[in-house]
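As you go down the protein sequences, you meet chains P and R in turn. Position one of the first sequence corresponds to residue 1 (my numbering), numbered consecutively onward. Position one of the second sequence corresponds to residue 1 (my numbering), numbered consecutively onward.
Everything labelled a hint here was simulated from the structure, so no lab data went into it. For every residue, glycine included, the Cβ atom is placed at its ideal position computed from N, Cα and C. Hints are supplied without guarantee of correctness; some may be wrong.
Listed next, the in silico DMTMM-like pairs over lysine to aspartate or glutamate satisfying Cα-Cα at most 20 Å (straight line) [claimed, not checked]:
#, chain 1, residue 1, chain 2, residue 2
1, P, Lys15, R, Glu28
2, P, Lys34, P, Glu149
3, P, Lys259, R, Glu102
4, R, Lys147, P, Glu236
5, P, Lys219, P, Glu149
6, R, Lys43, P, Glu236
7, P, Lys32, R, Glu102
Here are some chain P residues pointing at chain R (derived, C-beta under 8 Å) [stated by the list, open to error]:
#, residue
8, Glu13
9, Ser23
10, Leu31
11, Lys136
12, Gly140
13, Lys150
14, Asn229
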Amino acid sequence: MDRSKEFDELFQEMKRIDRSDESRRTSLLKLKSKAEKKRFNVVPVFISIIVVAMACLLVFVLVDPAPEKNLAVDIPLEDKNKAAIRTVLEKEFTGPNEEYLVIVEDLRRQQIDPTYEGYVGQEQPTDDTAWRAFAKETYGDYFTENGLEKFLMATPAFMYQWDDLDYQLSIDDIKVTQSENSNAPKNYSFTAKVTYKFKNGETKLYELKGEAICSEEGKIGKIFYSTGNLLTQMNEDANSSIDVTEKVSIFEMKDYVIKNGREFIKPEVINVFENAIKTAEKIPGISDAISPHYKVELNDETFFLWLGDGQGSIMNVKDTHTVYELTPESAKAIEVTLN
Amino acid sequence: MGDEIERLYLDNSDAVYRFIYLLVRHKETAEDLTQETFYKAFKSLNTFNNEASVLTWLLKIARNITYDHFRRKRILQFFKWGNENDIDNKSLSPESTAEKKEDLSRMYAALNELKQDYQDVLILRKVQECSIKETAYILGWTEAKVKTKMARGFEALKKEFHGEGGFIDGSLKRI
Numbered sequence: 001m002d003r004s005k006e007f008d009e010l011f012q013e014m015k016r017i018d019r020s021d022e023s024r025r026t027s028l029l030k031l032k033s034k035a036e037k038k039r040f041n042v043v044p045v046f047i048s049i050i051v052v053a054m055a056c057l058l059v060f061v062l063v064d065p066a067p068e069k070n071l072a073v074d075i076p077l078e079d080k081n082k083a084a085i086r087t088v089l090e091k092e093f094t095g096p097n098e099e100y101l102v103i104v105e106d107l108r109r110q111q112i113d114p115t116y117e118g119y120v121g122q123e124q125p126t127d128d129t130a131w132r133a134f135a136k137e138t139y140g141d142y143f144t145e146n147g148l149e150k151f152l153m154a155t156p157a158f159m160y161q162w163d164d165l166d167y168q169l170s171i172d173d174i175k176v177t178q179s180e181n182s183n184a185p186k187n188y189s190f191t192a193k194v195t196y197k198f199k200n201g202e203t204k205l206y207e208l209k210g211e212a213i214c215s216e217e218g219k220i221g222k223i224f225y226s227t228g229n230l231l232t233q234m235n236e237d238a239n240s241s242i243d244v245t246e247k248v249s250i251f252e253m254k255d256y257v258i259k260n261g262r263e264f265i266k267p268e269v270i271n272v273f274e275n276a277i278k279t280a281e282k283i284p285g286i287s288d289a290i291s292p293h294y295k296v297e298l299n300d301e302t303f304f305l306w307l308g309d310g311q312g313s314i315m316n317v318k319d320t321h322t323v324y325e326l327t328p329e330s331a332k333a334i335e336v337t338l339n
Numbered sequence: 001m002g003d004e005i006e007r008l009y010l011d012n013s014d015a016v017y018r019f020i021y022l023l024v025r026h027k028e029t030a031e032d033l034t035q036e037t038f039y040k041a042f043k044s045l046n047t048f049n050n051e052a053s054v055l056t057w058l059l060k061i062a063r064n065i066t067y068d069h070f071r072r073k074r075i076l077q078f079f080k081w082g083n084e085n086d087i088d089n090k091s092l093s094p095e096s097t098a099e100k101k102e103d104l105s106r107m108y109a110a111l112n113e114l115k116q117d118y119q120d121v122l123i124l125r126k127v128q129e130c131s132i133k134e135t136a137y138i139l140g141w142t143e144a145k146v147k148t149k150m151a152r153g154f155e156a157l158k159k160e161f162h163g164e165g166g167f168i169d170g171s172l173k174r175i
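Just chain R, same shape as in the assembly:
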């Protein structure tokens, strides 16, 4: 049993962690929810029927667990972003320019302003590189809904990123 869970975890935990982290933006919480995802997955391995890849199935569980986390916290949400500059410095490749670091920082801020649906679909499609079919499975949507939400999410992201949807960090520096 230990080996089985270990293999499942070693093969997929980084992808699951990344997905959760991008949704909650808090390292400890992301780590806790990753554990919970694998625990739940392990307990329900017998219900996994191969209609999706193991990772897609895990992402679906991760997404449900993260939603549950949001729901429990939402009455008065407290979200810690961590230090975005740290994220930039650690996660960007050395050759990344200062401009790109700033862009990434704005990207996180812009994404955070979007509706949860848009965040979900953009992260799954563009960062996790899930197919439309896989995304539909994870989110429990139809493929048509994924396409529509993706298009709208992208528009909303453009607006936020370029400051048309309200304040974001970058615009402030011009004061």
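Excised from the complex, chain P in its bound form:
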């Protein structure tokens, strides 16, 4: 039988993804309410920006009515806008930002590390107060409030800060140009060169192009840009670096079918499994195997694992006639890791 045709039938079957009417409806309602909420936020935000801007102007004039050499006064408005765009690009395309990655690590542990103080699990929202504070501190001065929200959630910001990739990102040759269209003086377009250095020493250059609207003095209301396939490249590199980096993948199994999977890249966890395999002792005779509790993938080898009552045994899938018994210490260490 033609294999590709056989797959075509299966691909056809994959189109029948079950999605309940209720889920569909609930999503639409949430979406509409989110869209509406944003709309109502715009007016008060706009008013507060105007009020704050006017207050600042008033204070400025009262405190220093005749500045002799004040840079803030000397910088033309257009340059403040250009400076804001330039700073945002520099911050966004310089990486990795270690401080940011520490915050992301905290969010990750909230979700997956039950021993972590702030652990909430996968189903509950994480506490992103620190993330928001950092985002505001980094970008708050250069965006309108509404613009910052859009930048953080929709662009989204920090898209080029990766925690699992050994890389360097830098930007130069930033050119910001004000629109020549007299009807749109707040519009700017920009270009820059982004240098991406991967750990193998390879350097790639990406052309960044984008546009921004500075709806307030020195503050961006909207910005969008593209960097060709930089993100795809980073993703590919991260995937391949994960492939070469040691990891252990654990899949829960029931009746020979995989249920859930987890992946560990921490050396101490990998050590637990490596030691367990190294110290396991061969059980004589052919075992009458029941369905394994776990499938373990480690260093290009795949094992089945049985655990229970402080004991454990393991089998390499390449040799399904031989089962090895784990030491009680290993069995316990694995149980602790998995729980």
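Chain P is already provided as a structure; the job is to place chain R on it using the hints.
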């Protein structure tokens, strides 16, 4: 505004959901990311310049949002597959044979083993039935790259499906 977003959503949400679901294999996450896709699309409607169909444009946004989701989760990935048997029972037509259900189950397992690039291109071309041009647009690749990745992805899928690329569920039952 409400009507506009509703129309966009009603016309395209199932296709977008299906695409995301096949990438993340988790119903709630797929639903959340679908919402996010439409929200982002709605906020950037003015940037849509008709260089692609609305659905293709939405799939591009969906793919970016899903990648972002993967990226945030990847440090320690936790992926729940849901119950594959449930998927089989609900999604297959009544006339489907037991053999086909098992094949589909193996297909999901095999696809899941593939590199993300291969999954993307296979799902877009074969399930979403996007043209090479549309796929190139969504993935930000050249058309030549789509063809190459498609061919390699297909080979990799064959290997995984028929058990040459390592363990998959079906082979275990022979123990």
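Comparing the hints with the structure gives:
Proposed proximity of Lys15 of chain P and Glu28 of chain R is supported: the alpha carbons are some 18 Å apart, at most 20 Å. As the CA atoms of Lys34 of chain P and Glu149 of chain P are separated by approximately 13 Å, the hinted pair is consistent with the 20 Å bound. For the hint pairing Lys259 of chain P with Glu102 of chain R, the CA-to-CA distance comes to about 15 Å; that is within 20 Å, so the pair holds. As the CA atoms of Lys147 of chain R and Glu236 of chain P are separated by approximately 18 Å, the hinted pair is consistent with the 20 Å bound.
Restraint check: the Cα-Cα separation between Lys219 of chain P and Glu149 of chain P comes to about 13 Å, which is no more than 20 Å; the hinted pair holds. Proximity of Lys43 of chain R to Glu236 of chain P is assessed by CA-CA distance (about 29 Å); at most 20 Å being required, the pair is judged violated. With a CA separation close to 40 Å, the supplied pair Lys32 of chain P and Glu102 of chain R exceeds the 20 Å bound. The beta carbon of Glu13 of chain P is positioned within 8 Å of a beta carbon in chain R (closest approach about 5 Å), and the interface hint is therefore held.
Checking Ser23 of chain P against chain R by beta carbon gives a least distance of about 5 Å; that is within 8 Å, so the hint holds. Checking Leu31 of chain P against chain R by beta carbon gives a least distance of about 5 Å; that is within 8 Å, so the hint holds. This hint is violated: Lys136 of chain P has a C-beta 19 Å from the nearest C-beta of chain R, more than the 8 Å allowed. Here the hint on Gly140 of chain P is broken, as its CB sits about 20 Å from the closest CB of chain R, past 8 Å.
A hinted interface residue such as Lys150 of chain P counts as satisfied when its beta carbon comes closer than 8 Å to some beta carbon of chain R; here the least separation is about 7 Å, so the hint holds. For Asn229 of chain P, the suggested interface contact is upheld, since its CB lies about 5 Å from the closest CB of chain R, less than 8 Å.
Violated hints, listed in ascending order, are 6, 7, 11 and 12; each of the other numbered hints is respected by the structure.
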